[in-house]
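Number of protein chains: 4
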Amino acid sequence: MFFASDNAGPAHPDVMAALMTANAGYAMGYGADAIMDEVRRQVRDLFEAPEAAVYLAINGTAANAILLGTMTQPWQTLFCSDCAHIHEDECNAPEFYTGAKLTLVPTTDGKMTADDLRAKIAAEESRGVHGPQRGPLSITQVTEKGTVYTLDEISALTATAKDFGLQTHLDGARFANAMTALGCTAAEMTSKAGVDTVSFGGTKNGLLGVEACVIFDPALAWEFELRRKRGGHLLSKHRYLSAQMQAYLTDDLWIKMATSANARCAQLAAGLAGNNAARILYPSQANIIFFEMARAEHKRMLDAGAVYYVMNGDADKGPADEPLIGRLVCDWSMTEDGINRFLDLLNG
Amino acid sequence: MFFASDNAGPAHPDVMAALMTANAGYAMGYGADAIMDEVRRQVRDLFEAPEAAVYLAINGTAANAILLGTMTQPWQTLFCSDCAHIHEDECNAPEFYTGAKLTLVPTTDGKMTADDLRAKIAAEESRGVHGPQRGPLSITQVTEKGTVYTLDEISALTATAKDFGLQTHLDGARFANAMTALGCTAAEMTSKAGVDTVSFGGTKNGLLGVEACVIFDPALAWEFELRRKRGGHLLSKHRYLSAQMQAYLTDDLWIKMATSANARCAQLAAGLAGNNAARILYPSQANIIFFEMARAEHKRMLDAGAVYYVMNGDADKGPADEPLIGRLVCDWSMTEDGINRFLDLLNG
Amino acid sequence: MFFASDNAGPAHPDVMAALMTANAGYAMGYGADAIMDEVRRQVRDLFEAPEAAVYLAINGTAANAILLGTMTQPWQTLFCSDCAHIHEDECNAPEFYTGAKLTLVPTTDGKMTADDLRAKIAAEESRGVHGPQRGPLSITQVTEKGTVYTLDEISALTATAKDFGLQTHLDGARFANAMTALGCTAAEMTSKAGVDTVSFGGTKNGLLGVEACVIFDPALAWEFELRRKRGGHLLSKHRYLSAQMQAYLTDDLWIKMATSANARCAQLAAGLAGNNAARILYPSQANIIFFEMARAEHKRMLDAGAVYYVMNGDADKGPADEPLIGRLVCDWSMTEDGINRFLDLLNG
Amino acid sequence: MFFASDNAGPAHPDVMAALMTANAGYAMGYGADAIMDEVRRQVRDLFEAPEAAVYLAINGTAANAILLGTMTQPWQTLFCSDCAHIHEDECNAPEFYTGAKLTLVPTTDGKMTADDLRAKIAAEESRGVHGPQRGPLSITQVTEKGTVYTLDEISALTATAKDFGLQTHLDGARFANAMTALGCTAAEMTSKAGVDTVSFGGTKNGLLGVEACVIFDPALAWEFELRRKRGGHLLSKHRYLSAQMQAYLTDDLWIKMATSANARCAQLAAGLAGNNAARILYPSQANIIFFEMARAEHKRMLDAGAVYYVMNGDADKGPADEPLIGRLVCDWSMTEDGINRFLDLLNG
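Residue numbers (my numbering), protein chains in the order written: chain A, 17 to 364; chain B, 17 to 364; chain C, 17 to 364; chain D, 17 to 364.
Rather than coming from a laboratory, the hints here were simulated on the basis of the structure.
No experiment lies behind these values; they were computed from the predicted model shown.
Any given hint might turn out to be false.
Copies of the same chain look alike in the list, so a pair counts if it works inside one copy or between any two.
[Claimed, not checked] No more than 30 Å apart at the CA atoms, straight line, and that leaves these computed lysine-lysine pairs for DSBU-like:
#	residue 1	residue 2
1	K136	K333
2	K178	K136
3	K333	K178
4	K208	K333
5	K315	K136
Just chain A, with the same shape it has in the complex (with noise of 0.2 Å):
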């Protein structure tokens, strides 16, 4: 009954088998690495991107930081939501790698619309050298809110970014949840909906700390990799982060494992809905849920052994029954009894 986060669970046997099969004899190192070589085949046959630059990540902060920071002037603001993860939970990261600021839009479930970002870019505009200038957009899919943004709406955020000549960055922690959950394919919710770079998460579905970066405009390739460097972000024995990426991509293991993590957040989902106690506050739509509960239920739940975060408050100090918000996300390897043993503690 372990919901506390899908950076928590165990990486995929097949990643472990991998970094296995990596280590044998000497790689050059840094990237140079053969393997890399087919890791960026494949993340450029996903995204359909031949000329993409494609490099990887020890976490999505990181990936975030680098990519931000080589499309943003340190004289600009960025866009971008007001619970946004690069806002909230990166202690200052893109600041300090981008040198600007950010601009909240304000949310609704987790998603900004096209004419609330519109709105906050156009206010950006009548302060000449005085005021921050117009940086890049960065959208989180999934949300951090558990919703997912539908393609049309991802274009239409683009759209407003491009007509005021902006580029869209995505964070994709949760990229392979948001793709299986919209049934599309990567390039889809991508390239093709006007975003310029990706963080193609997959540290929290199934590997042990790798992302991918992927840039559709290669002539920022290089800024990236000086960038990367100096951030003290290049990985010397880089093979084995190219190992967990190619397992990761062959054989569709990625998407297996995301589909596996949307089902159980579904199931958990639907006893949460016939639960009277538990509220759930935003549409569930891939893997993560937000649920009000009353404080003496949160306490039985974590007491019993149920581990996931309470997100407001301390579930062993206040009036029992004031409503608390928990949120529960799936990993690839929660299992169906692992949701029937939560739900049935939940249903008592």
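Keeping the supplied structure of chain A fixed, place chains B, C and D upon it in accordance with the hints.
Below, chains B, C and D alone, put in the same frame as chain A:
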């Protein structure tokens, strides 16, 4: 015959096995895993520093940059050798993380003397607010030329820094090779010699990619954690770093690997010394050799399958008899047979 | 009829005379001039802070950025109003000098409430190392909307910050106008109300270009000096800054100028209030008025020679009856006659 | 007998008069004043560069740092002399504004040779993404040792930089003194000699505090403006900068002042050359002299009222016969009588 770098060889099987073992079930992320508790204990024991703050980083550049960022103010100048890795090989990562500049101390065989260091520190004395202020000292051990500071030499350097109220960082990317060469303890080479923080390398000595950051004054711990996160260097699935370091420090695996690498290198150095065409440039005291040889000889070796870097020219282009510098590095996995084949080829 | 900005008028003749007087013979540079000794004494007396560190800067952006840089760590978030000059009008200078980000507190008439501030500070509580850490508060007095915080309001804001261990900076680009409006002392509006550092403006109130930076805790003085130099803001011929500030603080010149500007603005506000076409948007409590009026009316005024900014559109393009916001600012040199001409024209 | 610095003397009366004249009525701020239009024309004429972008800054550090920030990427290394003001006397301002590092080229009498520069640039060649990338060259003219590069020497340095695709910045804090010494035009010393940007000093030559920033490629103009604002260096009441520079460039005032300063310095140098106790260290080619003399002699001069810096020790403490280095700088206001009194005192 692969001597290009000690970060091109495989990880040790025990390390891979530890990764496998760690990959069971759920584990709290971001350094809160149980294995890290054990690593923290191991490292503190090793350095005889029960209060030390201990963290893991993915590579030497990250370890150096975050530690130096924690020790340095942006209006200071760091003191390091004129061939320091932080100066030559980190693409301004130290400048990025500190905001400061570097003052280069001249070297012989890769080593600074306390007198030269004192002169450089003293020279930053008379400019008040106009000049950079004095910042910490950084020493590399094993040096970039393959030599090893004696304990007395380290103590003399740190004492010089302390005379000016300055702290000392030790870049120990090849810590194990140096310690083994000196036959001392980790504490003797660091805290007992006046060192304040250590980049304790593992990547070049049989790990997939982990260094420990050791800070003897725990008052700096929280700032280090914030700087690590802000640099994008805090890993969610941290257990995979912890497991590597745990295996490394268990049953003296790290010492055994370094001992082997050093022994192979000594064998190689002895062979080179007996060859008339090659001239060793610096005392080879750990696992690196720089040697000078005519271009044609380099070309012959490389064409025959030896792999190593020619540092100052192209083995394929230029006068046949022009002397060029080659660098040979032995890692833990280098075999006696590999050395013999190289030497047989050389002695042709 | 020039109401575009209080930084567009001339310097006061007494200030020019002081410059002339200062221009005799040699003087030590970089703040070691004798006039600065006198300024330091004047400012400390004014703020009843005999230990305060006192420096001069060339403009408000520099004063704010260097002070905030001295008070803030790069992993923090500063708290300020959603219309703060440091947020909207300094092209990321605060981000450049601090490395941090800004958290925007909502405002009514340009003013934050202590409750809203508390909510924003409290919201930064639960993310540990992942989120930005809480940094200082910055208040603007006179606010960007022309309103003035009461002493109680300032005290409530600084007390809220102190509840979380945070310091407070006061951006006093129009310090004199606010103090005059409140009828209080400089100390009452700052140190006695819990403020820790002050950008004490002079440029908008009759100087050529000087602000004082006042730091009540002298322990921060040396860091401020280093940050000032590193930002390129330490002037060699410093006496020309000192002379301006000395004249400003002599014989209450600064208060006389602000009193006059405020009085002219009150006269103007009274006139606008009696005009049916114009609607004042915020209580005009110092020397700034924002008012709404139909485009055609703005155009008529501007064409007839009135000079002021229309903030949210083009007076020449668009529907004649669309309401647009104009901003009127009075400086020390504005005459009653200028006001009368403007009002006569308006009342046409 | 004030020889401490050319930034310690008064401003020229014509400059003060221009300030007074400028102080009439209202003027648009931030560089949109009418006087700046005239300055722009004057500077473009002077440099025979009708397209050049021209800005004003408050001091040399700001001019250098903002120009270098506009020319440099944060992963590069700037090339400059080992005694460059940007290296020794700006407290990391160049590093702050560029994010880059500095590579020091050795000097004789304060001057780099093209061969030494070439060697340093060439040495940054073989490290790919690991090492800093090559950035622009910065030359100081008059050098920090009081010598003046010939036009051929400047051309040789810029041509060397251009061989590697690098641009050149000229730090002309004492531009007028150098140009006068060479008897050339401003264009000959800059654009015609391959220089790309210039810090054109005024502060050390009779202004209160203004330098012009000249950028021959106007494509960099907007970035410069944003960097200037972000650094807090855009002045609202800009006319007071403009007026200084306008007066400076009117009727060759700047040349007359520099000619006088150089002549006084030559008179002083001739006197020192005839004195047995003093030894001039570098050819004094503009308005600065470094000389060596016994401590007791320095003490005698200083006690008798001469004012200058002893660079490498304390005139009051130490062996009487130990040689110490003194620095003598003449500004425009130095009189023949002042020189004669100093020499009479010296010659006892």
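A quick look at each hint next to the structure:
no.: 1; hint: K136 <-> K333; result: between (40 Å within a copy, 22 Å between copies)
no.: 2; hint: K178 <-> K136; result: within (14 Å within a copy, 32 Å between copies)
no.: 3; hint: K333 <-> K178; result: between (49 Å within a copy, 25 Å between copies)
no.: 4; hint: K208 <-> K333; result: neither (49 Å within a copy, 37 Å between copies)
no.: 5; hint: K315 <-> K136; result: between (41 Å within a copy, 27 Å between copies)
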